[in-house]
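Number of protein chains: 2
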Amino acid sequence: MAVNFPLICPEQLYPVAGVTLGWAKANIRKPNRKDLLVLALDEGATVSAVFTTNRFCAAPVIVSREHLAHVRSGGMGVRALVVNTGNANAGTGEEGLAHAHEVCSRLAQLAGVTAQQVLPFSTGVILEPLPVERLSAALPAAWATRAPAQWFDAAEAIMTTDTRAKAASRRVVIGTEQITLTGISKGAGMIRPNMATMLSFIATDAGFTQPVLDSLTKHAADRSFNCITVDGDTSTNDSFVIIATGQADLPLITSMEDPAYIVLRDAITELAQTLAQLIVRDAEGATKFITLQVEGGATLAECRQIAYAIGHSPLVKTAFFASDPNLGRILCAIGYAEIANLEVNQIDLYLDDVWVVKEGGRHPSYLEEEGQRVMQKPEITVRVVLKRGHAKAVIWTSDLSHEYVSINADYRS
Amino acid sequence: MAVNFPLICPEQLYPVAGVTLGWAKANIRKPNRKDLLVLALDEGATVSAVFTTNRFCAAPVIVSREHLAHVRSGGMGVRALVVNTGNANAGTGEEGLAHAHEVCSRLAQLAGVTAQQVLPFSTGVILEPLPVERLSAALPAAWATRAPAQWFDAAEAIMTTDTRAKAASRRVVIGTEQITLTGISKGAGMIRPNMATMLSFIATDAGFTQPVLDSLTKHAADRSFNCITVDGDTSTNDSFVIIATGQADLPLITSMEDPAYIVLRDAITELAQTLAQLIVRDAEGATKFITLQVEGGATLAECRQIAYAIGHSPLVKTAFFASDPNLGRILCAIGYAEIANLEVNQIDLYLDDVWVVKEGGRHPSYLEEEGQRVMQKPEITVRVVLKRGHAKAVIWTSDLSHEYVSINADYRS
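In the order they appear, the protein sequences are chains A and B. When you number the first sequence by the UniProt record's numbering, it's gap-free, plus one each residue, and the end is 413. When you number the second sequence by the UniProt record's numbering, it's gap-free, plus one each residue, and the end is 413.
Bear in mind the hints are in silico, worked out from the structure with no lab data behind them. Do not take every clue at face value.
To be verified - Here are a few chain A residues that face chain B, going by a calculated C-beta distance under 8 Å:
no. : residue
1   : E133
2   : T318
3   : G335
4   : Y336
5   : G360
6   : H363
As the list claims (entries may be wrong) - Stretch-level coverage of chain B by chain A, calculated; a stretch enters the list once three of its residues show a Cβ under 8 Å from a Cβ in chain A:
no. : stretch
7   : 18-26
8   : 118-129
9   : 264-274
10  : 360-373
11  : 392-403
What the hints assert, rightly or not - Coverage of chain B stretches by chain A, computed from C-beta distances (three or more under 8 Å per stretch; other residues unrestricted):
no. : stretch
12  : 59-68
13  : 307-320
14  : 329-335
15  : 339-350
For every residue, glycine included, the Cβ atom is placed at its ideal position computed from N, Cα and C.
Produce the entire structure from the sequences given, and follow the hints as far as they go.
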């Protein structure tokens, strides 16, 4: 049911110098599917990440944070990432932490590095013990298949309820040097990232110092994965990682004033937006891709609060599924978004090019047929104009269909 | 699909001295259904109400607030209420206000009172003009059918997507006097009351001064309609009204210290809880009635915040629909409830009598079969123990089923 999901050719995913990828079938939850991914990084790569704000964050999130902190405090750089699907290793307590550390140690042995140079990631069912023996047993096979041109396989290896592999690649020329950016993402449900999405990894052969890459990572996350929602459920495992190998023939970027920084920041942000939007296009049961734009707000925060109130309303989402211009439901969601002193009599609402609500009431010349025409489209923009200031927020979301219920009522079976 | 919905016999709904009810078929949205209700109050009744906090509140909510404020500032008391279904008269701007005033004037003429002694209520589709002529034309018929023993008909006359009429009655003996309490409610979707529910009216023949009745109304609302959620959508029209006719042979209650106040406050609160729970039992598409109890919190607010995070999670709600003990989804919702410094390693979770999570991880002796056994029941209690303090909150909610999607994708058609 994916909505306008682009055809992704494995050949169009450019390898990134300094990164190889390998995968295996580890039988973590179901037999005979790619469920284990390893990424190996050449020495000298810089890695930055943002993680879920869920307090019940998964064991691999805790361990990845620890290992990145170790690098920041002068430890040796990250050399490998390992990702499993089928089990989130969340809600698993001390045993879960021990399992995550065990996975890092086993991969470190294969890679000839320390366990602290490995970052672990997991996605899948919560509250069940990680089958660490099956996972570890498959690591040598995954490690042995490493190659630079396997980004599409990597995207497939991290899928859970995703129906499509999510990946994209860009090339940017800076001076005379061509810089490559390639990324993958996964996620379809339990999507309301708060600092990051379920899982996304972007690599580039440009080089950045750690603080500059950290800034870039936050910049990109705030404008991409932090702007999507499927069901409002912020996952326990959300992680967004940027790897900068520095193998391109470009000077190390040490400052946010560097013109190359601006170019790459914007290119990586655009790539992250594409990867984030692919998640919404493949959202569980989605039949519509909805852009929610709230403008004229006093603050960015209030624009986002209103956009999320609309984006999370089951009534708004089912109306989109039905292609029913039952647009009072959008007004209702704006009204309960808990914005202090919101003057509803100033608010305008547009559905694509159709002016539906003028100053808080139905526009006198609004015709139901016009609303109906837009609602039948697979991609729709809702624009709310608050007239309180100059802030603006955009988020992307999907509708709520029978299939969402089916998928989530059946996911574990 | 209502869950353990009790059989309600019209004969068990006791008339309340001083209140008569009448209804009509006004063809407001659909032909040949009861869609108009009037309540007439004898002189001397005291009326208190709480309304939605939605900023896009409906025109009748604005007008009812004005008229109640007029009474409080010394105006003559409320003598009639009028309720229509099929159209919410919300998102209708100045025209909507004029329509609500017009309805009050027309009923006031019939009743021989002033328009300010009439409170209007509406429920139904938002953003469409109220068919005020059809409504007004049916008022004489509704007024003419008034009788004291028509509470069940009244409950039917305010239904929208409700599949069952919701009403309950109680009798309390104070001294030698029998006091009657009878109430009705409506609502099945767009339910996450914030000060009140869609619509509920309770009448008693006890008498209270205005400030005492106001306190009682807030007390009852906070423990009943403010503790339920179906889909998290706070309606534009929520209204909860208590009418005290003072016709019983009991002294006027002028103080919250009066022992009769305590008895009646608790009886009315219990009645309001029953009416609120009937809404959840008849929630759109509901197959389960879920009690969410969060205890050991530092504050009531944080307990409620966690309970609502669980109660609004589409993933938790679909797991209940599937009878699937996918309980990691509950931990996930607790984790993203945005509670500062929440120590997840202290948290215990019970499903009815089954101890599922101990100190943040799966309880070592928890068996999936035990979780499965509970999940198959139509009524389930989820108990979360935070161990941060002594506060406790309980809310009631329903699951998310295919039928919820069907109902809300079809509601206007």
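The hints, checked one at a time:
no.	hint	in the structure
1	E133	violated (18 Å)
2	T318	holds (4 Å)
3	G335	holds (3 Å)
4	Y336	holds (4 Å)
5	G360	holds (6 Å)
6	H363	violated (10 Å)
7	18-26	violated (count 0)
8	118-129	holds (count 5)
9	264-274	violated (count 0)
10	360-373	holds (count 3)
11	392-403	holds (count 3)
12	59-68	violated (count 0)
13	307-320	holds (count 6)
14	329-335	holds (count 6)
15	339-350	holds (count 4)
Taken one by one, the earlier hints fail for this structure at numbers 1, 6, 7, 9, 12, listed in ascending order.
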